[in-house]
Amino acid sequence: MSRISFIHAADLHLDSPFKGLSDLPEQLFDTVQNSTFQAFDRLVRAAIDYRVDFVLLAGDIFDQESRSLKAQIHLRDGFKILKQHHIDVYLSFGNHDYVTGTKLPVSFPSNVHVFPTEQVRSYIYSKDDKETAAIYGFSYEQRAVTENKTNEYLITRDDIPFHIAMLHGSLQSNTEHDVYAPFQLSELTSKPFDYWALGHIHQRNVLKQEPPVVYPGNVQGRHRNETGEKGCYYVQLSEHEAKLSFIPLQSIQFSKLEINGLECVHIFDVENQLNEMIAKLTDDTPYLIDVTLTCNAASAEEWKQDNQLEELIELINERLIHRHHHWKYIYRLSLSTKKQSIASLEKGDHFIGELARTMEYFSVEQNINELYRHRQASRYLESLDMDEIEVVKQEAQEMLLHALLKS
Amino acid sequence: MKLQKAFIYGFGQWIDQEFDFTGNHFLCFYGENESGKSTLQQFILFMLFGMPPKQRKFFRPKTSSKMGGRLTIWHKDKGEIVIERMDGERNGAALCRDEKGSTYHETWLNQLLNGMTLEMYRSIHSFSAVDLATIRDMKEEDLGDLLLSIGMTGSTQINIAEKQLQQKMEALFKPYGKLPTINKQLAKLDDLYGSRIEQQALEASYNEEVDSMRQLKQDIQMLQEELVTYRKYLSELERQKQVLPQLYEYKQYEEQLQHLPGEVPFPENGLERHQALKNKWITMNSHVVLRKETHDQQAAKLKELKESLSNDEAVYQTAIQFMERGQTYHEREERIAEEAEKLNKLLTRINMGQQELNMSTNDLDFEQLHLPFHIEQEWKAFKTNDEQLRVEHDQLQLEGQQLQQQENHVHQEIMSVDEELLQPADRREMQTKLKQNEAAQYDLNAQIEVQQKKHDWEKKKRAGKTKALRFLSAGIGLAIVFLAYGLLQQQDIVKNMGWIILLLGVGQWLFENRAINRMDQEWTAITTNVKPETILTDEEKNKLESMLETHDLQVYQLQSLKEQQKKIDIQSIQLDEKNSAWQQKMHRHQQLLETERAAFPFLDQMEPVYWPELYPKLRDLQQLYREKIKQTDNLNRLKTEQQKFEHDLDRFFEQLNWEWNHVSTVNQLEQITTFAKKYAEKEMAYQSLEKSFSSNEEGLKEVTHQRQAIENEMQVLWELAGADTEDDFYHKANQLQEWQHMHNGINKIIQQTAHLFTKQQWRELLNQQPTSSEIEQAYDEKSKLLTELEEQLNSKRQQLADIHAELSKLEASEDLSRMNHQYQMEIEKLQQLGREWAVLKTAKEVLAETKRSYQSKHVEQVIARTTAFFCQLTDGKYIKVIPPMEGTPFQVEAKDEIRYTVNELSQGTIDQLYVSLRLAGSEMVSQNNSLPFMIDDAFVHFDSLRTERMLDILETIAHSQQVIYFTCRKDVLQTVEGVKLALLSPKHHDRFSKHA
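Protein sequences appear in the order of chains A and B. Using our numbering, you'd call the opening residue of the first sequence number 1 and step up by one each time. Using our numbering, you'd call the opening residue of the second sequence number 1001 and step up by one each time.
Hints in this document: simulated from the structure, not taken from any laboratory. Some hints here could point you the wrong way.
[Said to hold, decoys possible] With a cut-off of at most 25 Å between alpha-carbon atoms, the simulated DSS-like pairs for lysine-lysine come out as follows: (1) A:Lys256 to B:Lys1829; (2) B:Lys1057 to A:Lys304; (3) B:Lys1691 to A:Lys19; (4) A:Lys80 to B:Lys1809; (5) B:Lys1217 to A:Lys80; (6) B:Lys1174 to B:Lys1188; (7) B:Lys1701 to B:Lys1691.
The model shown is predicted, which means the values in this text are computed figures rather than measured ones.
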């Protein structure tokens, strides 16, 4: 009775910088910088510890935008270690590390089998000199693959016990992400594959249990929306069942904390709350914490005054960073204040009413060109999206009100 | 909206205090400092707009646990509303209750107040001395704007906000700035971007570096291989240098060997064996030479003897003949004597017969007397037979004819023989020729022998010359090669070698030639030139010999012929006599008789009758006579013979030039005998010499044979050595020696160099035949190249190491990774700053826009009201307020129509203008839903008159809007009329109540 075991991971995004982090303390920077590598190292360790037959990496191993030699070298070195343990690697490239993108001539060891083109093809994995598994897949040659590739997944060898398909793409219905190599779940499950190893979506998701259609998610969260544990699936396939277990690999976990500061009279109350919530976080991994403080405008203005909140966060961070084990770090604090009713303001004949009215129809985009279309700045600045513009408006209004009305 | 009353549960110093705001729209609260005016004011504001906890905490009463209160207001739409706020409840949020008892929350209240906030309220509906103080601090140029903003919002904040926003914006970003935060961040990002690009390029150079590394590795491998080759080559050169002397020696050996046959066959111990043979040969040869000399001497002697013998042979033969004949001569001499005696006896008998016959000798001519046998008969028949006579006559006639014929014949024969007879000179010549021929024949034989030997010599000579020539040509050829090579290569050694070889060649040639010449001369000396013409052919010889024989025969024949002739003559005479006798006889007596008688005169005396008788006598006589004739003839013949002999002898002597005239025949004969004796002796000597010669020859043959045997043995040795001659043999021996020497040399060198070179390498080296300088040069060149290559290799290795280092550095480099992360963070930061700026910008623009729209909507109205208030406050001194237009500042027009910019006004006037603006603004805002206007000692600096005017204005305003005025100035109280006054003193609440 044949069995195989493997690790399924995707979206390693090696050496890809985190989003939304700035002014990170130097001592955390290294950890952040190396987090994707560490996650990969843990993957390698896991593959060795679990004595898997092979490892599937379903695309987006690197980021084209932030490719570095280090990433390729580190990857290669990891593969070398796997080779020492006779673990094969089946690797496809995705939209972030498409084949024609710039790569450096770092060649992988022989245990790594790369799907070279957009044409779906298969590699045969032999266990104890017996052809045990056929692994199907394709790589992105260009930045995008927009056609449905599922038709190309065809089993040609019935004599091989296991057929595993690797697919870097997204459900047709998924509109949150760029839709690449779109598929419908039924298209996958209708085919006699034993396992669909998906990639591209960073949120891990087992779309179906039998046969398993799995997004393992990325191995390391890289911005505030990629919270929680990140890792890979350890899969054991036998003729009758598929056992999946998730192995966390992340070296830094993103977390969101929401503090209700409405009842807080003093900023220390906020601090206490915050400390309490942070204390509830596990101690097995470093955390990057995004704190949303809900409070009324007056408190917000008060706490903002003299950088009280900033100082508070600094104070907490100072403490959290210097913990013995894993640090925790509040990288973002956002205030959520009760919105002042613009509608009520608008009714007033007073200047503020006029201001509110003006604000409502004010086009932020047209007025920030000075910076956002600035020759130099436009290189780096992303234009603001609608939400951000709303936030800007809100903040501008609050600022104006505060500026105009402060005594 | 109007405030009705307030009940304070606890707020600051006020606890459980109630205030009533009803009665008059213009409320004035008087209290001294610290009397609670501001607290009350704060309470009202707290009730209306709430208060942050911290601030609330500030107003928490020291003596009461409660903090909060109730404010009853009247709203034109909603009626009476009670607002209650407690610090401990709802976090200070309001709870409102209308007349119907419905409760509402903060939001509702906020909407009721048209979104008015505390700050807004403060800026619009309240002002204090503090506000006024701020305008005093303003810079002159900003005053206009400030005043305008006051006109709009009732406070200075628009202006300040604008300025702050501008400042903040500028602090954050200037399009062409460097120092603002965003600019700095941009510069930082530019830097980072640049470094990142550089770093990316650097990492991209990984490609090239890897390529370079590959290339370098290849290069290095090639260089290493090349180096190995070069080192090998160098060590090869070193080895070559090391073995160069041996190489040249080897080469020399080999070249010399080339001149030698590939293998020199040579008998074992050939030289020694040859030497032994040679020694024997020399001994034998000396024998041969000795024998040969003897042989030659003997041969010469023999020749000489033979020559002399052969020269004398004819003489000798003749002499022998003569001696023999001399014997005959002697005998004949004796016989002559005997014959003469006989003759004498005969003559005597004839005489006696004659006498007997009576006949004189004269009568009888027996000579002519012919008495044939038939005479008797004739005589007998004489008488009888005339006819017979005639027949006789005829017969005589016939006889005569026959005789004549005979004579003729003989004569002719003599003539012919005589003609044919050789001339003595010719004969001598012939004889000489024959003799010479004999001698020549001998010489010829000798010469042929010599010739044979000479011929052998010629062969040797030619071989020698050819060899010499070969030497010469080979020498010259080699010399030319060397010279050419030497000249071409400018190698003196080679050139000199060429010369030496040339000299050796020529020397060898000359030596060889001289040896040949010497031998040649010897041979030439030996040569006796026998002319071939002196040798006669057998035919000639035979001819000559036959001619001589014939001659001898003819001579003999002639003699006999002469004898015959004589005989014939005699016969003829006899016949004639007979004839004449017969004729006489015939003629005269019967011709015959007479003739007979005449013929036989003795017959005269006799009768023919007697004749027959006479006849026998006569016959006898005649016989005698005949005998006498015969004897005489015989004698004569003998004498003739003797004479002839003598003659011959004389002739012989004459021929020999011997003295013969005065020498007797006997002497001559003796002489001849002596000669013959001598000759015989000579011949004896010759024969003995010949014997000795042949014995010597035998001996010679034997030694020659022995020598030949030795030579054969030597020849065998030579053949074994492949030599034709001894020289050749020695040459071969030398060659062998040389060959062995060279082979030993070669083997030695091969042994010496075997560990250094393979056979093929050695062969190649030999072919190249490098010179020391060539090797040195090559070595130097290669060394140089090697050094260069090593340098190159080192450089390449260095490069490789560098590249390795570079690659390792690149591979280990965190730079780009770090930069990417940093870059991302800085981008994030920029994004934040950008948003910040966007907020500021939006705020600023919105503010500006609001200002514009507000101005266009309300400023005119506000200014109109301001003018009214300002005019009133200045008691008509100023009649117009002109808001700032583009390019013109805020201005006021005095009643004399002179316009002053605000900067030109006195502080007091500015204060008045400020107040006017505030009042106008507040009034304008309050048109729809007026909130109470709260003034906190704003007119501290006003004089009483101006205060009074101010209060008048307030009173006017109070008609449409509740005015609450807090003051600590009693005089104000006095100036105000129609104002509800309230005294504030927490300690004296009753006083308040009283006033109330």
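Practice task
Could you check the structure against the hints above and give me the numbers of any it violates, in ascending order?
Solution key: 3
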